[in-house]
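Chemist: Listed here are the chains, written in short residue letters.
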Amino acid sequence: MIDVDPSLVNWSRAQFAFTAMYHWIFVPLTLGLSFLCAFYETIYLKTGNEEWKKITRFWMALFAVNFSIGVATGIIMEFEFGTNWSNYSWMVGDIFGAPLAIEGIFAFFLEASFFAVMFFGWNRVSKGFHCFSTWMVAIGSNLSAVWILIANGWMQNPVGMAFNADTARFEMQNFAEVVFNPIAVSKFTHTSSSGFVMGSAFVLTISCWYLIKRKHVEMAKKSIVVASVFGLVASVFVGFTGDEAAYEVAQKQPMKLAAMEGLYKGEHGAGIVAMGIVNDAKMAGDVQDSFLFKVKVPQVLSLLANRELGSFVPGIDDLVYGNEKENIMGVNTMMEKGRLALSDLSAYKDARKNKTEDLAQTALERFNINKEFMGYGYLDTPEEAVPSVNIIFNSFRLMAVIGSLFPVIFGAFLFFTLKGTVTEKRWLLPIGLFTALLGLLAQQAGWVTAEVGRQPWAIQGLMPVKVATTNLSTTSVQVTFAMFAALFTLLLIAEISIMLKQIAAGPEGH
Amino acid sequence: MLEMVAKIFSFYRDGFRQMTVGKSLWKIIFIKIFVMFAVLKIFFFPNYLNSNFETDKQRGDYVLEQITRSVANTN
Chain A
90 MIDVDPSLVN
100 WSRAQFAFTA
110 MYHWIFVPLT
120 LGLSFLCAFY
130 ETIYLKTGNE
140 EWKKITRFWM
150 ALFAVNFSIG
160 VATGIIMEFE
170 FGTNWSNYSW
180 MVGDIFGAPL
190 AIEGIFAFFL
200 EASFFAVMFF
210 GWNRVSKGFH
220 CFSTWMVAIG
230 SNLSAVWILI
240 ANGWMQNPVG
250 MAFNADTARF
260 EMQNFAEVVF
270 NPIAVSKFTH
280 TSSSGFVMGS
290 AFVLTISCWY
300 LIKRKHVEMA
310 KKSIVVASVF
320 GLVASVFVGF
330 TGDEAAYEVA
340 QKQPMKLAAM
350 EGLYKGEHGA
360 GIVAMGIVND
370 AKMAGDVQDS
380 FLFKVKVPQV
390 LSLLANRELG
400 SFVPGIDDLV
410 YGNEKENIMG
420 VNTMMEKGRL
430 ALSDLSAYKD
440 ARKNKTEDLA
450 QTALERFNIN
460 KEFMGYGYLD
470 TPEEAVPSVN
480 IIFNSFRLMA
490 VIGSLFPVIF
500 GAFLFFTLKG
510 TVTEKRWLLP
520 IGLFTALLGL
530 LAQQAGWVTA
540 EVGRQPWAIQ
550 GLMPVKVATT
560 NLSTTSVQVT
570 FAMFAALFTL
580 LLIAEISIML
590 KQIAAGPEGH
Chain B
2 MLEMVAKIFS
12 FYRDGFRQMT
22 VGKSLWKIIF
32 IKIFVMFAVL
42 KIFFFPNYLN
52 SNFETDKQRG
62 DYVLEQITRS
72 VANTN
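Taken in order, these protein sequences are the chains called A and B.
With this note's numbering applied, the first sequence corresponds to residues 90 to 599, in that order.
With this note's numbering applied, the second sequence corresponds to residues 2 to 76, in that order.
For the record, the hints were derived by calculation from the structure and aren't laboratory data.
Just so you know, even glycine gets a beta-carbon here, dropped at the ideal spot from N, CA and C.
There's no promise every hint is true.
Said to hold, decoys possible - These stretches of chain A come out as covered by chain B in the derived footprint (C-beta under 8 Å, 3 or more residues):
| # | region |
| --- | --- |
| 1 | 164-173 |
| 2 | 202-211 |
| 3 | 251-261 |
| 4 | 381-394 |
| 5 | 529-540 |
| 6 | 556-563 |
| 7 | 569-579 |
Extracted from the complex, chain A is given alone in its bound form (with noise of 0.2 Å):
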């Protein structure tokens, strides 16, 4: 047992998540908005045509101020990592080191150049260039999110790496394999599709208020188009990329999986719970109900998990447990292997510190036996490898069923905006005014699944977040949390007043 104070890994864990939550209302507006921009002011390039440099303009400054609130939001983690999270950091450091150095290298240049002269650069530069580093703004801002999300997906499904027991760190085996990790990709592609969903979601409601006041009427049939387009395809790739994502999930996380559809008891041809309610008094291996209801497709959970009908899915209590028939090790087995894989690293640590070579050597071959479940050897019971269901199972089906919505949304936009009478459509309009709420909810659900998902492990399998966090006080990080909830608030506040300003004063008022 590992003498955390259980609050103090809570209140850590409450502020990373706040913080996150926080910066991920402003990353994905700018990875959808930033390309929305490059469309409209490709047109204005083809075209000619001076309303697409007012429309451009128009979107680019409420980019700006998206960008501006936004910007360093993210580097607070960062603090984080290092003040309330510092054995994970140091652990980790070698791994994230040359992603998160890329990211903020390949971010300065991007903002001190391109940024610049999207900005700056009306009629100071060429129309071509000043196109092509809008172009070059929304491509590198897209690609300066890759980095983090190896990073991320790497917490998911820690590869191409090796533990060294004499620096108690993580290090990096092969660059190619952190890359190109399954995890870490599918991640980047649903990721960034879902923020061009947000970015096209939040042109439709700034330009459905335009439509049902009647004011910048021909800007905001204009904006719409373009918006509709992107979001549509947008919204479809989505559904493919959180497919292959919920794939490499059931591949790599499969008590993720079966917290997500609330499965206890493993099936061959497991059927997917299309809506229910979870029986939130329901634990590993009782024999309760796991829902008070539920409508279930006979199945489909299968198809997804394994591409095969009729295969396998593991349940919670195939995981904790074991299930010998499918092969499956349970964490109580694993534990016992992590127990063993802590104690031979712990003698490998007193043999170097006393210089008995021999011991050491023996100790080190013993714990490379069993080292991949040392994380294992942290829990406390068996059943502590399990998250929490009910918020899981809910936040995947808010995301799933608010992605599923946008297709239609946007489509329905698209035609009538077409064929000249989404004015006329008042039960329509209303629809999009809310359609960026609809995205930002989504988009919180999402990572919400993926996150409290992969609990109780900061890295998968290797280290869970009690042992991840730096022995403080919890009034301490009390303290900072607060300080954090009021300088975000303002900030938030600004942001909200900023635009609604400038939306106020439409497409003259930049």
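Position chain B relative to chain A; hints supplied.
Modeler: Structure of chain B alone, referenced to chain A:
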């Protein structure tokens, strides 16, 4: 070369001068960065390992001690 540098300088200078809403945004960015780096980072978010240990060897040993604490507790 000097002409090039002067052009780039005037590009940025004029760009900043002509900003409208951008001026408010830059103020927010500077205040935010000041609060983050000059207040939060220094007074509330010191790097725990860097401020408590001098060498990487000491940091590694400390973390190794931390992650094997559970074994020490059960012995």
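Chemist: With a Cβ-Cβ cutoff of 8 Å, does the region 202-211 of chain A contain at least three residues near chain B?
Modeler: holds (count 4)
Chemist: How does the region 251-261 of chain A fare against chain B when you require at least three residues with a CB closer than 8 Å, holds or violated?
Modeler: It holds: at least three residues are needed, and the region 251-261 of chain A offers 5 whose Cβ sits within less than 8 Å of chain B.
Chemist: According to a criterion of three or more residues whose C-beta lies within less than 8 Å of a C-beta of chain B, is the region 529-540 of chain A covered?
Modeler: violated (count 0)
Chemist: Take the region 164-173 of chain A, compare each residue's beta carbon with every beta carbon of chain B, and decide whether three or more fall closer than 8 Å.
Modeler: With 6 residues in contact (Cβ-Cβ under 8 Å with chain B), the coverage given for the region 164-173 of chain A holds.
Chemist: Quick one: see if chain B covers the region 381-394 of chain A, three-plus residues with Cβ-Cβ under 8 Å.
Modeler: violated (count 0)
Chemist: Tell me if chain B covers the region 556-563 of chain A under the three-residue, 8 Å CB rule, please?
Modeler: holds (count 4)
Chemist: Using C-beta distances, would you say chain B covers the region 569-579 of chain A, given that this needs three or more residues below 8 Å?
Modeler: holds (count 3)
Taken one by one, the earlier hints fail for this structure at numbers 4 and 5, listed in ascending order.
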